[in-house]
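Can you make the complete structure from the sequences, with help from the hints?
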Amino acid sequence: VKFLRLSVKCFRGIAEAHIDFEPGLNILFGPNEAGKSTLAEALRAALLCRSQSSVAEAYLPAIGPGSPEVSLTFSQPDGEWYRIGKTFGDRPSTSLERSPNQGQTFVREANGDGAETELRKRLRWGLRAPGGRGATRGVESTFLTRTLLAEQTEVDTIFQQGLEPESTEQATFVQEALAAALEDPRFKRALTLAHQHFKRYFTSNGNKTRGANSPWTRAKDQLNEAQTELDAARRVAEEVAALQRTLLLAQDEAAEAAQMLEAAKAERRTLDKTLQAAEHRKLLIQELEVARADMDHALTAQHAVDSLRVRINELKQTLEAKTAEVDTATTTHRTAREQREVAQTMLQCIESADGNAQRELEVARVEFQLTALRHELDELNRRMADANALAIEERKLGELRARIEAEKVALTESRDLEAKASSQIARLRLERTAALVRDADSRLHTAVDRFSSAAEGVQAAQAAAEQAEAKGVEELELRSRVLTYGDLSADQIDLVQRLFHDLDKRRSAIEAGLSVTLERLQTLEVGARIDDQTAIHHPSSTGRVQVEAKRRVELDLGGLAKLQITAGSSTARAELAAAEVVWAQNGQIVLQQHGVDSVEALQRRLRERMEAERQLQDIRRECGDLSARAQRLTSAQEALAQAQIEAKEAEAARFELPPCADAIPAASVREIEAQLIELQDKARKAELAGIAVEATLRQLGESERDKATQIAEQQRVLREPGLELLTRGHARLAAIEEEAKSLTITRGELKEGLQKALRAAQEAASKAKEALDAAERRQQSLGEERLGIDRELEMNRGRLTSEAEHLASLDIEGRTQCFTNCQAKIDAHPPVVIDPGAVEVADARIYERERQVEEAKRRVISGESRIASSEGAIAQERLEEAESAYEVANADYEANRTDGEASKLLLETLKEAEASSTRHVGTAIGGKVQARFAELTRHRYRGLSVDKALVAQKVQLGEAVLGPGQLSVGTRHQLAILLRLILAEQLGHPIVLDDQLVQSDPERLEWFREQLAESGSRTQIIVLSCRPADYRSPHGSNGANLIDVSTHVKLRLERYPHDAA
Amino acid sequence: MNPTGGDDVLKILHTSDWHLGLGFRKYRPIERESLRAARFNAVDNILGLARQHSVHAVLVAGDVFDDEKPSELLWRRLVGHLERASLACPLVFLPGNHDPLMQGSVWERSHPFCAALPAWVHVVDRDDFRLDLPEGATVFSRPTRTRKSSIDPVQALPPRQAGDETIRIGLAHGQTLQIGDQAANHPIDLSRAPQRGFDYLALGDTHGFRNLASDDQSPIVYSGTPEQTKKDEEGAGHVALVHIRRRSRRAKANPLEVRSLTWRSETVTSLHALRALLSEDLGQTVLDLTIDGAFDPEAHQQVERLLQDLRGDEHTPGRARAVSIDARHRLDDTDIDTLLREAPDELRTAARLLREKRGTTGVEEAWVDRALTQLVDIARQVQQ
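Taken in order, these protein sequences are the chains called V and W.
What the first sequence shows, in our numbering, is residues 1 to 1061, in sequence order.
What the second sequence shows, in our numbering, is residues 1 to 384, in sequence order.
No wet-lab data here; the hints were simulated from the structure.
Note that the structure is a prediction, hence the values are computed from the model and not measured.
Each hint can be trusted.
Computed list of lysine-lysine pairs in DSBU-like fashion (alpha-carbon distance at most 35 Å, straight line):
id : chain 1 : residue 1 : chain 2 : residue 2
1  : V       : K220      : V       : K208
2  : V       : K220      : W       : K230
3  : W       : K357      : V       : K188
4  : V       : K948      : W       : K357
5  : W       : K69       : V       : K857
6  : V       : K220      : W       : K231
7  : V       : K220      : W       : K357
8  : W       : K357      : V       : K199
9  : V       : K220      : W       : K69
10 : V       : K928      : W       : K357
11 : W       : K357      : V       : K904
12 : W       : K357      : V       : K208
Going by beta-carbon spacing under 8 Å, a handful of chain V positions derived as facing chain W:
id : residue
13 : R189
14 : E864
15 : S870
16 : I874
17 : A882
18 : T898
19 : D899
20 : E914
21 : S916
All residues carry an ideal CB built from backbone N, CA and C; glycine is no exception.
Written out as structure tokens, the structure is:
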């Protein structure tokens, strides 16, 4: 609201006045009683006092007639002009006019209380309704009237009474006005921004926006589009997957059907096999029957043959028994005859033989001992031969053994005779023995001679053994030498030698050629440049080359002869290099291989090697002979073993000699026998050792006698006990000779025995004749029996032959085997039970399975075809893409939703914050007042607190808290004016300050002057003062509208001076 | 005539999997179009390389289009590129499993696309396809007629006859590997492939360049896609330049890079890292960005602005060629009062009230975070 013009007539002391206000600061000045306060009173009357009010009487002019009239023109924020006119007095009236044309003309809006009511609506100052109960009778007084239009004396009544809570209109107006005014513009802008953001998403009634520009629509459309694509892709993918599943199912079914078909076929094959097995078994049973018949037939034939064979064997046995009996009878007959003849012969010669018989006997015994000794000697010889591999001795020993064998045979024969003589006819035996003794005697001499020669042989064998040993050692040495020289051959030596000579020759040629060259060069050196004297003085190979190179440059000086020499030297050197290479590759290696440093040493080695090889060959030949002899020795040893057996038999027979033999002292004989046994044992051991030596020798011969040295040592070890045994053999021979002499002494005793034996032989001869007769008879009867058996035997053999032929044709084993095989086959094929309808069932099943397989295959092909025509793998790719797109669209939609909901939430929250701030408007306006008050008081006061009723409650002065009443009058007035001024600014309504700063000091007055000028830019201020300098800036009008009251107001005193007087 | 001027080498440019018209549905429409355009750039690069190296033939081993029925706009665009290239050597298109030769396919002879193709462009549209090249060389191929098949496409090609000493080049489209639990589609048995007697086997389907043959075998090569189609396609972005010796028939394939785009996956957890990333030139980059970590409201707000800058809007391309953002970052509102110390009281009050609403019924955590971010942004604006 802005006051525009105030017209007063007949109002108290003013006769007439017209004041035009400006929008800002208006200063009405004039001296005291110029009518300033009356104008203020008229202004309050125009706005706050009903024309009919009783208090209007105070407005009546004190002088002169007339009814008070006031008229105030004001404008509203909407630009409308209004004019309120009131006439007080006898005919009170009120009118409210509106000017549609900025005051040129006015149109009446309302009259009376209607005008009052309308005015109240325009002002919204909380004025009570005019008239009626409870209406104010005088000038209305509200918080705002006190704030804006306070009388001069009511400057600080604002501290006493605040905003009435019951005055809803006024409170609302103030609240709204203050809230709007106090609102931070940044917050307002913030609210605007938040609201703008909110409006993108929501309408004013909170619904989501719609239409093409709505973010909801766009996001939803995108999401729907993505969803549609995703659904389509899913459908396609599911269709493909379903096709795939169908195909897999069909494939599984096909596989299962094929498997079932195979099972049915397998079952059918099993059935076929069973049928075949049954058929086969039937055939086998038939075969078995045939085989059994064949076998029975063959067994019957076999049985017949066996019976015949048994019979033939019985006959044979019987025949053999009869034949044996015949033979026995014949032998008995012949023996009896021979015995009789021998007995007769022996009876005739026994007389002449008895002298020698005993000696013969003794000689025979000695010969036994000699035989044992010879065995011993043989053993020794064999051991010698085995050890030394002496074939000569072995051969001699073999011969000796042969002779001994012959002797032994003879001795055995004599012993036979002696035995026969002892058992049958003692006499005959004695005579025979005597003859044998004579022969033995002579043989003994021979044996002694041979023994001597054998001893000589043994000695020779020893010598040969030593020689063989020496040969063995020599062979070893030779062999070692040959091995050392390796496979060095004459060709190699020849090659090495030739190479070496060639090398040597070339070296010599070069040496010679070079010497000549150097000599010539030195003679030609006059005038030639010699750069390398060292090379000349030290003609090493490098030096020579260098010299040669330099000389080649000097050819012109050297002439043709030098060139040739140089050329020849080069050729020779090249050849030498080639020869050296050949030598290094072929000759030098051979020397290195044989560890020698010269060709001469190599030649010497070759000669030694060839000699050693020759000797080795000789030795090998001898060793070959020895091996052959060793083989012969083996056969001789076998014969000797036989002779030993026979000797033992003879020895055994010797103890069965008649008592005449016992004339020899038994103890002596036993001792000799014991010695003989001992010698035999030793000889056997020596023989075994000889065999071992022989085997060793043979091995040596075969393995080229690698271990000759070791064997020679063994030979030496074995020879020593052999020599010892030989010595002991000689001693034993002498003892036996002594024993033979003593045996001769007992010859007489033997003769007596022989005579006794002669008598017994005569008796035996007669008994033998009787036996001869009985034997002839028995022989005759046995011959007859044997003839009968022979006939039966012949007959059975004929039958057996025919039966055997028949049996052979039957092949009984084959038939038996055939039967067994048949039986085994039948056992392997147990009887089977076959359902006659099974084959038909199996065939039907196969047919059914085949049909199922075909059906499944058709489904598989159909499935494959459908899949081939489908999207296939692309469906999955597109599904993934659609899913991805949907995720993005959904994320966008969610982000959009979040943004929209957040904008809504924010706007709501901002309003809540705003509401919270409005409830504390007193505090807020207090802050503004406080700021200016602090500035006014140079920050002496702070912490001004204003309550919700806009009543200042307290202010801080230092630490003290003061109420407004505790302030000084001037300060209190200043604080009140500040509060009112700020409220007026916030409300936008004019404020009237009726000289209310009279209590202010110049400094604060000065501050207020500036403050009013500033506030005048925001609201209309009407200052009434008798001291215009207080409000007017010394530097100018400071924008204020200065109104000299005295020029605008016509006082009644001027019109009615007498009245005043 | 031998375009190389030499007499010992046959040169082939082998490529595949152009996937023209690929959806890129994950990206915004403006980015999709940009990515699709890049594939045509790759085609231009390939045709340029063919001219530059004076090759004897260009073989495209399937999946030229991402679908067998591309839009007319798309196939006319390809025709335009081919016409502008105007190669002197033949170019062979093999239908792949993405664009098989089936009813209604772009490869059908009756299709206007085939009629519009230049004369030097050949389409493998019959089972006994063969194309004679210089030096007595021959290309053998057979069209892919289904999207899915269990038939080995290499084994379907004719084998080398006894006594045949010519250069034989096989062209096929299929998989040599089983992917996941699914059987390989159009499976190629590598152990049997050499038995067909090809001096060079040009394959398509796999998007990364690789030679599957051992050193002593003739090359069996996937050229790969010339332009990556999605992230993590190792070896993509190449074509194979093949040299074949005339006498020994020894072939060697070298990869040549033709791609113009780089696919990157980045995770940033700080404002600094994000700024560093955005300071780079990302114009040819397809960025897969993950934002993680906790940011105070101011940093959070800056992150949001940077992301907006990176992303662009509906009509304006962002900083990168295409971008997908996985925003997992959280708001750290610990210091929000400090940030708002100069702001009107009501804003501080509002911040307090918002934090008090966190966890209350009907209010999602993300809403509070977002509202606080908006509040800080508003405070910043009103304080300016």
